[in-house]
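Protein chains: 2
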Amino acid sequence: MAAKKKSAGSAQNGATERDRKTLRKIEELASATLRTVEKADNPAVALRVRALSNVSFNEKKRIIELGDRVQSREFFNTNMARKFMQTFLVANGCRELILQNKTVTIRQMYYILKHTLRGSSENTFEEQNESDPIIEDVEVATDALREELHLFANKKGLAAGSLVVNDAGDEIDLARMGRGGWGIPSICEPEVLKFVRSKAKFIMLVEKAAVWSRLNEDGFWKKNECILLTSEGQAARGIRRLLQRLATELKIPVYVLVDNDPWGLYIYSVLKQGSINLAYESMRLAVPGVRFIGMSSFDYKKFKLPNSVEIKLNKEDLARAEQMRNYPWFADKKWQNEIKELQKNGFKMEVDSILSKGISFITEEYIPKKLRDRDYLT
Amino acid sequence: MAAKKKSAGSAQNGATERDRKTLRKIEELASATLRTVEKADNPAVALRVRALSNVSFNEKKRIIELGDRVQSREFFNTNMARKFMQTFLVANGCRELILQNKTVTIRQMYYILKHTLRGSSENTFEEQNESDPIIEDVEVATDALREELHLFANKKGLAAGSLVVNDAGDEIDLARMGRGGWGIPSICEPEVLKFVRSKAKFIMLVEKAAVWSRLNEDGFWKKNECILLTSEGQAARGIRRLLQRLATELKIPVYVLVDNDPWGLYIYSVLKQGSINLAYESMRLAVPGVRFIGMSSFDYKKFKLPNSVEIKLNKEDLARAEQMRNYPWFADKKWQNEIKELQKNGFKMEVDSILSKGISFITEEYIPKKLRDRDYLT
Chain F
638 MAAKKKSAGS AQNGATERDR KTLRKIEELA SATLRTVEKA DNPAVALRVR ALSNVSFNEK
698 KRIIELGDRV QSREFFNTNM ARKFMQTFLV ANGCRELILQ NKTVTIRQMY YILKHTLRGS
758 SENTFEEQNE SDPIIEDVEV ATDALREELH LFANKKGLAA GSLVVNDAGD EIDLARMGRG
818 GWGIPSICEP EVLKFVRSKA KFIMLVEKAA VWSRLNEDGF WKKNECILLT SEGQAARGIR
878 RLLQRLATEL KIPVYVLVDN DPWGLYIYSV LKQGSINLAY ESMRLAVPGV RFIGMSSFDY
938 KKFKLPNSVE IKLNKEDLAR AEQMRNYPWF ADKKWQNEIK ELQKNGFKME VDSILSKGIS
998 FITEEYIPKK LRDRDYLT
Chain V
638 MAAKKKSAGS AQNGATERDR KTLRKIEELA SATLRTVEKA DNPAVALRVR ALSNVSFNEK
698 KRIIELGDRV QSREFFNTNM ARKFMQTFLV ANGCRELILQ NKTVTIRQMY YILKHTLRGS
758 SENTFEEQNE SDPIIEDVEV ATDALREELH LFANKKGLAA GSLVVNDAGD EIDLARMGRG
818 GWGIPSICEP EVLKFVRSKA KFIMLVEKAA VWSRLNEDGF WKKNECILLT SEGQAARGIR
878 RLLQRLATEL KIPVYVLVDN DPWGLYIYSV LKQGSINLAY ESMRLAVPGV RFIGMSSFDY
938 KKFKLPNSVE IKLNKEDLAR AEQMRNYPWF ADKKWQNEIK ELQKNGFKME VDSILSKGIS
998 FITEEYIPKK LRDRDYLT
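Read top to bottom, the protein sequences are chains F and V.
Using the numbering used here, the first residue of the first sequence is number 638, and each one after it goes up by one.
Using the numbering used here, the first residue of the second sequence is number 638, and each one after it goes up by one.
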């Protein structure tokens, strides 16, 4: 790409202040390396180690963080030379994206950068699983969010409710989206997505699109003056960033409604304190204040659900539940009780199963009672 | 559900003319059965056979159709009694949905209907794979679309471009959706979703959300005055119905851009002539006029793509390609050549890989050239 499109690249070309800052970081990475070359040293990039051994749970901030342990990636090292070259290919690719003010997915970036090295049969990258970790390296090395590098993972998630946004110049009223909702962009940084106004008293994020549709059709967000989001499964980076910004800028509580199984707990936990993989970005993606409103293992008795909602826990569920109990962020007694009850029940439940009590029971009884009783975990 | 919510049900309660019609169909199904009981006959429901043996490709209409072969589902038949009971449970469940003017997913319907029969340990349904085929039976028996029964599969797909819709009372300008797009509802029937105005000259449907984002960011639909859709993989019923209505009501051509592999061909083919599974709904979902704009196996040479775009065909791909060649709707020579070229290439390609020629090559060169040269298959 760089070869095809000539760009008299300097940091001034960036569209926004943030872009200019990111460009400076990338250029600093390159010039630091050049300086070592000029001094006839071995060119190297210092990278914080992205491994479980360098990840910890910050009890005070309540987020998962990357530690300070650093490794050096050197050019004159047969084991590292290929990765060294790849690091600068990715950094330069991102620089081009910023200069052209365009964004691509990490898969598209792989295609943009993949080519056969001149005079050899060696490819710059063989598979995407080779370029993805390098992208993470560049994020860490430049201390820039992936979104600041103009890269994104696939977009996922829908929004509706009491919120007017301005996205890329379009003013969009999320209270007038019909049954469809607004597709949450992959990149939700303040430069492109602005919150114009909102009367929302809280945010409700549900795991499943079908539950979102049920609540939307029942006018849940109108009756309760809130913002209704669905992550459509595990939350993508876009919705995590959106949620963090909404929680911080609007200063309203966030409730999360996921299936009653270890996977649902995991979705909640990633929203709350971040993930081990992306530990270096927790401070910009995690929302430590999110409230787990359900579906709780105690809801079975509390709401007298019929036995038709039970789905037997399988081996993997049981192993995963045990793992959950050992995470430091679930160490509190209330969480231990919650997970123990799941194990004791011997079954999991989907949020959809609440409909066995009536089509709109979830909208008219289940959630209102939970909110009224302040029946949630944090 | 029916037991909990009392509804002095009569066809008049339906919200729309269409709802009233569907209610009459369901009630006719029930009363026909009742009449046989009164005559002391064996109660039975006549159902068109939904099996490959009763499916054929209508060469003239260019859609896959269900034949007229009928089977009788009888109450006094040990093999059929359970299904007989389930058929009426589903029919009654749909009747309740219509009366309450609510919609649910087929999974939620399963939860609503699942219960243990009084005085026994037998469940009405054990798993969703037991209720789903019964729902299809009721669709066929009442000659109603699933959407008319107020049921839907999960929602998927995004839209942007030159189109203003009115959905459930909200007027939504798809030209002002920022980078997010409007989430396509699961149910796109004319009673809830109306097309207000459009200047679009054509519709472009792309398989992947990432490609949609690329085109949207490049302003493709602005420059070309069109409507830009993504199915986010295999097209759900909502987007198929939307596409059919757009093509018919706006009378504009539809172009489809999918990956160059047998799976991409399959996505195109389902949009075009329907699927074997849902053969009984082809006339309401299929769009025989859709144009396959790519990605064609010949594009590799035509656009001088680098070898980094090649992904070796695996065993399954090869078998699937051979299967495609034998479908009657791909019998035409041009299609045989297209599929033969795929086999000859020995590799498949993703639309994303076009970015190897430049970030916006797809928007500025690839698609415009295809449109200019009328380089597509039908």
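To be clear, the hints were calculated from the coordinates, so they are not data collected in a lab.
Small disclaimer: the values here were computed from a predicted structure and weren't measured.
It cannot be assumed that every hint is accurate.
[Claimed, not checked] Short derived list, chain F residues pointing at chain V, Cβ under 8 Å:
id, residue
1, 749
2, 752
3, 755
4, 756
5, 816
6, 820
7, 912
8, 997
9, 1015
[Stated by the list, open to error] Now the stretches of chain V that chain F is said to cover, found in silico as 3 or more residues with beta-carbon under 8 Å:
id, stretch
10, 661 to 671
11, 715 to 724
12, 736 to 747
13, 799 to 811
14, 936 to 950
Note that the Cβ used here is the ideal one computed from N, Cα and C, for glycine as well.
Now the hints, each set against the structure:
no.: 1; hint: 749; result: holds (5 Å)
no.: 2; hint: 752; result: holds (5 Å)
no.: 3; hint: 755; result: violated (13 Å)
no.: 4; hint: 756; result: violated (15 Å)
no.: 5; hint: 816; result: holds (4 Å)
no.: 6; hint: 820; result: holds (4 Å)
no.: 7; hint: 912; result: violated (22 Å)
no.: 8; hint: 997; result: holds (7 Å)
no.: 9; hint: 1015; result: violated (29 Å)
no.: 10; hint: 661 to 671; result: violated (count 0)
no.: 11; hint: 715 to 724; result: violated (count 0)
no.: 12; hint: 736 to 747; result: holds (count 7)
no.: 13; hint: 799 to 811; result: holds (count 8)
no.: 14; hint: 936 to 950; result: holds (count 4)
Of the hints listed earlier, those the structure fails to meet are numbers 3, 4, 7, 9, 10, 11, in rising order.
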